[in-house]
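Number of protein chains: 2
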Amino acid sequence: MKRSLFGCLVIAATIFNAATAFAQEMIRYTDAGAFLMTGKAKKTNAIYQRIDSVETKDMTKAVQGLAKNSAGIAILFETNSTVIRAKWKLASEVFLSNMTPIGHSGLDLYCFKDGKWQFVMVAKPAKGQIDNDQIIIQNMDSSMKQFMLYLPLYNTVNDLQIGVSEQAIIRTPAQPGINTAKRVVIYGSSILQGASASRPGMAYPAILQRKTGFDVINLGFSGSAKMEIEVAKYLATVPADLYILDCIPNPSPEEIRDRSYNFIKYLRQQKPSTPIILIETIFRENGNWDRKLGKNVSNQNEEIRKTYERLKKEGITNFYYISSDKLIGNDHEATIDGVHLTDQGFTRMAEAVLPLIRKALK
Amino acid sequence: MKRSLFGCLVIAATIFNAATAFAQEMIRYTDAGAFLMTGKAKKTNAIYQRIDSVETKDMTKAVQGLAKNSAGIAILFETNSTVIRAKWKLASEVFLSNMTPIGHSGLDLYCFKDGKWQFVMVAKPAKGQIDNDQIIIQNMDSSMKQFMLYLPLYNTVNDLQIGVSEQAIIRTPAQPGINTAKRVVIYGSSILQGASASRPGMAYPAILQRKTGFDVINLGFSGSAKMEIEVAKYLATVPADLYILDCIPNPSPEEIRDRSYNFIKYLRQQKPSTPIILIETIFRENGNWDRKLGKNVSNQNEEIRKTYERLKKEGITNFYYISSDKLIGNDHEATIDGVHLTDQGFTRMAEAVLPLIRKALK
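Which chain is which? The protein sequence lines are A and B, in order. Going by numbering that gives the first Met the number 0, the residue at position 114 of the first sequence is 113; the numbering climbs one at a time, nothing skipped. Going by numbering that gives the first Met the number 0, the residue at position 167 of the second sequence is 166; the numbering climbs one at a time, nothing skipped.
It should be emphasised that the hints constitute simulated quantities derived from the structure, not laboratory data. Since the model is a prediction, treat every value here as computed from it, not as a measurement. Quick reminder that beta carbons are idealized off the backbone N, C-alpha and C, glycines included. Check before you lean on any hint, since a few could be wrong.
[Stated by the list, open to error] Interface residues of chain B toward chain A, partial, derived using beta-carbon atoms under 7 Å:
(1) F118
(2) M120
(3) E308
[Stated by the list, open to error] Partial chain A-side listing against chain B, Cβ under 7 Å, derived:
(4) T99
(5) I101
(6) Q117
(7) V119
(8) M120
(9) V121
(10) K126
(11) S197
(12) W288
(13) Q343
[Said to hold, decoys possible] Computed beta-carbon distance windows for the label pairs:
(14) G32/B / G212/A: 54 to 64 Å
(15) D240/A / R357/B: 45 to 55 Å
(16) R357/B / K41/A: 51 to 61 Å
(17) D257/B / D240/A: 38 to 48 Å
Produce the entire structure from the sequences given, and follow the hints as far as they go.
Shown next as structure tokens:
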């Protein structure tokens, strides 16, 4: 058989890579679906998507698509391996000018140490590649440790394999560092979905999840959290100890006027005793300069405040409200582009929401 | 002449765009080179590069390339326009898994308001495009305002045009909000160059520039700040009121042992009275888990501390030192990938360095 030079080089590279891998360490892969999953509203057929396609069929096309993204989903496992690798298959190549590839398409690993979650390292997607295979961390000691691996914020994961040393143990944690029986369900916009966290673990629901130890469900739909009643109907079917509504950035003031009362009223009727936290939209930094934009944001918050006051007047209980001035500080340095929060913005946002979560769940 | 459907659509789109632009506002463009530039070590032939190619010829190939990036360069202008646009031509399409396209290839606009610089908005590079043209902000009031436009951190700018309303004034500020006579020159690694700020204005030299009002010169060379004597020779020719050396992340412990004493000694001999601040490398977050990596970082800092102590023993004055435990907090949440700082990390780093800058320049 004749081979081209390119063909020979491919074969040589394959042999070389195999030899190198052998010289390093033999890796055994396990399907991540074998371990504990957090951040899931309910079970889905495609295991790394947020809402099953059967349940989004009455929602907008945009939400149908975004519900397939893996934002907020994380895998918990424990291992005594000195190395952790991952192979993950993405649905598409993503470009977002306000997101890092690690944020929209990468993986983010934490370890549970002395009762706290501590950052370990990320897995970086390669340019133009939807199938990735990376060492996340190596040269660790061989004590048994519990890890949590966050999935991409703005991409869809079709397959995820976690690799450890061939002789190592890998299993579902006996005592998970996240209590999946305590559930906080958040509905919102691109900010909630995680734009513009540097890596998946820095979106604010992920920060809240680590700080509380609760299972926090990220139902953020970029540009598309417009309070349609179909979404309220779905939310009411999701097991929740607390709902947070952070969806005011997306609907117009008119849509908020038309939809927010019915949306919240429906949720309250279906779940009479579950606390609800309602969050104003952050004020857009460029709205300090663009008067038309600034007016629109003020109008959004004015409309949702009217709904809040109407519901309070009607005697709604277990209902909390956070105004925009409490959310991201006042140095104007919490966003990448006026509206999407950086890690700095998300850290502030989590700190602002955390006391109210504790109060609502006391 | 026969035209394809595609050809017809292109013509139609062009006419439509022109009509839309006309309906909006006529824009007049001015070459950004006409205004005040900050963040430049010296004048260069290609005006948006950091070191002239004539002066890098004895440096490494890597530094020769990176010196062309526009990190730390910003344009100051004032205008009463209600709209600001920019056209910018980049040298290449960049992909970095740990940077946003806005950070590596976008523009970042600030306004000088009540004696402080406040974020306005960014210009976002489009996917796969090296020639970009964007509205940055619109619908502003028509008072005269001073603006500063930061250039991309990890790309090279071949041309930059700033657009304002046809009838508006645009000019170099009469009283610039940055004092270009007071110069802080920083030499360092990818962290200094700006990985992984969300946008150009959030790299720590840019934060220091706004907080001090001084001209801060970003000589960060990703992966390539290895303390070669040729770089010390160049630094000594750059007008400076203060030098900061933040280059310890790049050289190996052996290179630090071999080079750092001569590097600093040379700079001190050439500039006997200019203060020097020496900064240890941040500890790599993944070095808390990867024992080999952690040992290497500890060795880097051990070697530079030896050099510091040797120089102190020799009686060097105006010489300051910052140890790694003071730099980025202790919650392990300041980086995207263990080593490159997010906006949260950069804000902490600026806060850590600022008091020493004030002390050194008192």
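Hint-by-hint comparison with the structure:
The beta carbon of F118/B is positioned within 7 Å of a beta carbon in chain A (closest approach about 5 Å), and the interface hint is therefore held. Satisfaction of the interface hint for M120/B is found here, the shortest Cβ-Cβ separation to chain A being roughly 4 Å, below the 7 Å cut-off. Contact between E308/B and chain A, as hinted, is not supported at the beta carbon level, the nearest pair being about 30 Å apart and thus beyond 7 Å. Because the closest C-beta pair between T99/A and chain B is about 5 Å apart, less than 7 Å, the hint holds.
With its C-beta approaching chain B no nearer than about 5 Å, I101/A sits inside the 7 Å limit, and its interface hint holds. The interface hint given for Q117/A is met, as the beta carbon of that residue sits about 5 Å from the closest beta carbon of chain B, less than 7 Å. Proximity of V119/A to chain B holds as hinted, the smallest CB-CB distance being about 5 Å (cut-off 7 Å). The beta carbon of M120/A comes within 4 Å of a beta carbon in chain B, closer than 7 Å, and the hint placing it at the interface holds.
At a threshold of 7 Å, the smallest CB-CB gap from V121/A to chain B is about 5 Å, leaving the interface hint in force. Hint status for K126/A: holds, given a least beta-carbon distance of 4 Å to chain B, under 7 Å. Because the smallest distance between the Cβ of S197/A and any Cβ of chain B comes to about 4 Å, under 7 Å, the interface hint for this residue holds. Proximity of W288/A to chain B holds as hinted, the smallest CB-CB distance being about 5 Å (cut-off 7 Å).
With its C-beta approaching chain B no nearer than about 4 Å, Q343/A sits inside the 7 Å limit, and its interface hint holds. The beta-carbon spacing between G32/B and G212/A, approximately 55 Å, falls within the hinted interval of 54 to 64 Å. Under the hint 45 to 55 Å, the C-beta atoms of D240/A and R357/B, about 49 Å apart, fit the expected range. Between R357/B and K41/A, the C-beta spacing of about 56 Å keeps the proposed range 51 to 61 Å intact.
Distance hint check: the CB atoms of D257/B and D240/A are about 60 Å apart, inconsistent with the given range 38 to 48 Å.
Hint check: violations occur at hints 3, 17; the rest are consistent with the structure.
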